[in-house]
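With these hints in hand, go ahead and build the complete structure from the sequences.
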Amino acid sequence: QVQLQESGPGLLKPSETLSLTCTVSGGSISSYYWSWIRQPPGKGLEWIGYIFYTGSTNYNPSLKSRVTMSVDTYNNQFSLKVTSVTAADTAVYYCARHPSATGAGFDPWGQGILVTVSS
Amino acid sequence: DIQMTQSPSSLSASVGDRVTITCRASQSISSSLNWYQQKPGKAPNLLIYGASSLQSGVPSRFSGGGSGTYFTLTISSLHPEDFATYYCQQSYSLPHTFGQGTRLDIK
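Line order of the protein sequences matches chains A and B. Per the working numbering, the very first residue in the first sequence carries number 295; after that it's consecutive. Per the working numbering, the very first residue in the second sequence carries number 2; after that it's consecutive.
These aren't lab readings, by the way, just hints derived from the structure by calculation. Each hint should be verified, as a subset may be incorrect.
What the hints assert, rightly or not - Which residues of chain A face chain B? A few of them, derived with a C-beta cut under 8 Å, are:
| # | residue |
| --- | --- |
| 1 | Glu310 |
| 2 | Gly336 |
| 3 | Gly338 |
| 4 | Ala398 |
| 5 | Trp403 |
Values in this document were obtained by computation on a predicted structure and should not be read as measured data. Positions of the beta carbon are idealized from the N, C-alpha and C atoms, including for glycine.
Rendered as structure tokens:
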């Protein structure tokens, strides 16, 4: 059974860069799409973008100028970077798998990691 | 971007009740609609994909319907563990977008 686990710093200062890693266990990162999704406290879900195991990416236009994703197939990991964070980037960040770029749901999800941006 | 609108935003119901949550898309998304259940402090869990297909392991009391711009999630008889927040999500085109959520509370 595939499991995902997010890791990274939980507290950042404004203008810093958010860096998170999602480790995939119980299955290969190959042949799937891997997304990052975030949820501000008490609010709804926002898709940040995806990376395919080949390294191909697609980002939400709302964040595109600040987001970079990368994949490490050797270690079965993929990563998210968001530059110039502000308090508006405070959220629980989830990683999730999907079998195609469009037309499919996200399953499974990681447990999520809370990232707080505060001076 | 395709906007997803759920109704109601919140709902109170009792164990054993039948409830229906609706989701409307701002343009046609064919059947590319997914439903998730989220409990406090937990990640969302995929219930329904492709508008009406039940994800493996999800109880049969959950069902989905609709196509185009109008979709429904129905729980035929509420169990105590069903009280949670439900989200729809369109996977028809990028960027993927979610509804604002429907909170289902115990009456």
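Right, here's what the structure says about each hint:
1. Interface restraint check for A/Glu310: the shortest CB-CB distance to chain B comes to about 25 Å, outside 8 Å, so the restraint is violated.
2. The restraint placing A/Gly336 at the interface with chain B is violated, with a minimum CB-CB distance near 10 Å, outside the 8 Å limit.
3. Because the beta carbon of A/Gly338 sits about 5 Å from the nearest beta carbon in chain B, less than 8 Å, this interface hint is met.
4. Taken as an interface hint, A/Ala398 checks out: its beta carbon lies about 6 Å from the nearest beta carbon of chain B, inside 8 Å.
5. Against a cut-off of 8 Å between C-beta atoms, the interface hint on A/Trp403 holds, since the closest Cβ of chain B lies about 4 Å away.
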